[in-house]
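For this one, chain A is given, so just place chain B on it according to the hints.
Protein chains: 2
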Amino acid sequence: LKAAIDGDRKALAAAGNEGVLAIVAATHAGMSTDEFAAFVKRWLATAKHPRFGRRYTELVFAPMVELLAYLRANGFRTFIVSGGGTEFMRAFAEQAYGIPPWQVIGSRIELKSERRGQEPVLVRLPKIAFIDDGPGKPVGIEEHIGARPVFAAGNSDGDLEMLEWTTAAGGARMGLLVHHTDAGREWAYDRASHVGKLERALDEAPERGWIVVDMKRDWKRVYAFDPVVP
Amino acid sequence: LKAAIDGDRKALAAAGNEGVLAIVAATHAGMSTDEFAAFVKRWLATAKHPRFGRRYTELVFAPMVELLAYLRANGFRTFIVSGGGTEFMRAFAEQAYGIPPWQVIGSRIELKSERRGQEPVLVRLPKIAFIDDGPGKPVGIEEHIGARPVFAAGNSDGDLEMLEWTTAAGGARMGLLVHHTDAGREWAYDRASHVGKLERALDEAPERGWIVVDMKRDWKRVYAFDPVVP
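Respectively, the protein sequence lines represent chains A and B. Numbered according to this note's numbering, the first sequence spans residues 1 to 230. Numbered according to this note's numbering, the second sequence spans residues 1 to 230.
Isolated chain A, as found in the complex (with noise of 0.2 Å):
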C-alpha cells in the first residue's frame, strides 16, 4: 500500500497480481458494488495510458479480439480468464471483448449482502476472496463455468496451469500463448519481468503441442490503432 501512495511504480510491480488486490480491497473497501462500477466507469472513460496517450480500453490486442470474434462466429462460448478484478474488467469486457459478464471470471474480493435503509446493497470487505491466477485459474474455471476448456490462450506464467488443464484432457484441444517480443509497438518481456514473467509456460510449450505467437513477427498490428504492417 505504502508503494502506491509514493507512486512506487517498481515496488508495485513487485508487489504482482495479489499486491495490486490487496490495495484495491483497502482503498476500495466500504463501497457498494454499484458505486465501484460507476467508480472504474469513470476512471475508464477519463484515464489515458501515460505512454500511448489513449483510454485503456483502446489498449486490448486487435489479434485477440479477432479471435474471439471467429471463435463465437463458430458456435464457441468465449471467456475471460484473469488475474485481475473481476468488477473492474466487467465493467469493459463487453464493449472491448463482446464478453458480456458473466462469462467474465478473475480476483475477487469478499462481499457482503447489507441494508442502507430498506436498500439491499452489497458492499466490498476489505478481504481478497479468490486469486484467479496460477492454480487458481483452473478451480476458477471449474467454479464458474462447470466444463473443461477446449481451447486457451494466455500470455504469462500465471496461465501455466490453466493451460495445462485445458490441453491436457482427451479429444481435440489447443492451447496458445502471446510472446510480448515487440518493443516498437508494445513490450518486449518474457523471463526476466516482474510482471507478466513468462518462463516456464515457455519452456513448456514445445512439449505440450502450445502454439507460441510471437507479437512483432505475427502479428500485423498489435492494437487497433496501429498502422497495419504488410
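Keep in mind that the hints are not guaranteed to be accurate.
Same chains, same label: a pair holds when it works inside one copy or across any pair of copies.
Claimed, not checked - Simulated crosslink set (BS3-like; lysine-lysine; CA at most 27 Å straight-line):
#1 K127 - K112
#2 K41 - K112
#3 K112 - K197
#4 K48 - K197
#5 K112 - K48
#6 K216 - K127
These are computed hints drawn from the structure, not numbers from a lab. Everything numeric in this text was worked out from a predicted model, so none of it was measured.
Just chain B now, with coordinates in the frame of chain A:
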C-alpha cells in the same frame, strides 16, 4: 455427520443446508471433480425417491420447467441459484431444466489444482468455500453473473435476500414465491418446517408485490408424470 451415518433424517433436516454440505464436503474430500461428477451421475441414474418411486431427475416441478422455457423463448437468460451443491446440480440441470453448467450457481466446497503424475486434476477439499443461501444468494449472483436479475423465483426464507435484491431496484422487476400447499401431490409446509422454512418471505410478499403461487390451487400438475387437473 453422526446423523447421516445413523440415518437420522430428523437430525439431518435440522442441520439444514450447511449441515448437509458439511457432510458432503467431509465424505467426498479427496475425490477429483471428474470422479465426483461420475459419482453423482451414477447416483442419479439408480437412486429412487422413497415416496414416489421415481428418479430424482423426474421430481422437478413441471410448471417451473415451462416457465424457464417461456422466459428463454422471450429472450431471457435463465440461471439456477440454489443452496445445494453446485457440482451436484450441474450433473442434471441441463437435462432437467435446460440450464447449462455455467449458469448454475450454488454452494461450493474448496477445490485445489494438483497433479497426479503428469495429469492435472482438481481435488475436492473437506472445507466449505461458499454457502449460496440467504444473504449469500445476492453475493453468489453478483460474483457469478455480475448483473442484477429482473426476475427471481424462490420457495423458502433462504430466497428472501435474493428476492429483495432482485425487486428493490428500479425498472420492471418481478418476484415469485412458490408456496408448498399440496400434501397430496407433493408436500404442505411453511412456517413450522425444519426444511425449506417459509415465513419471513411470505410475510414480506404483499408489501414487496411478490406473486405467491399456491401449488394446490394454481398448478394443474406438479410433476410431469402427474395427471393434469382440469
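Using 27 Å as the alpha carbon limit, work out where K127 and K112 are close: within a copy, between copies, both or neither. Answer is both; intra-copy 11 Å and inter-copy 20 Å each pass.
Is it within a copy, between copies, both, or neither that the alpha carbon of K48 lies no farther than 27 Å from that of K197? within (25 Å within a copy, 53 Å between copies)
As a check of your reading, is K216 near K127 (CA-CA no more than 27 Å) within one copy, between copies, both or neither? Neither. Shortest intra-copy (39 Å) and inter-copy (46 Å) distances fail the 27 Å Cα cut-off.
Same-copy or cross-copy closeness of K41 to K112 [CA-CA at most 27 Å]: within (22 Å within a copy, 34 Å between copies)
Using 27 Å as the alpha-carbon threshold, which applies to K112 and K48: within, between, both, or neither? Close neither inside one copy (32 Å) nor across copies (38 Å); limit 27 Å.
For K112 vs K197, is the C-alpha pair at or below 27 Å within one copy, between two copies, both, or neither? between (34 Å within a copy, 23 Å between copies)
Checked against the numbered hints listed earlier, the structure breaks hints 5 and 6; every other hint is satisfied.
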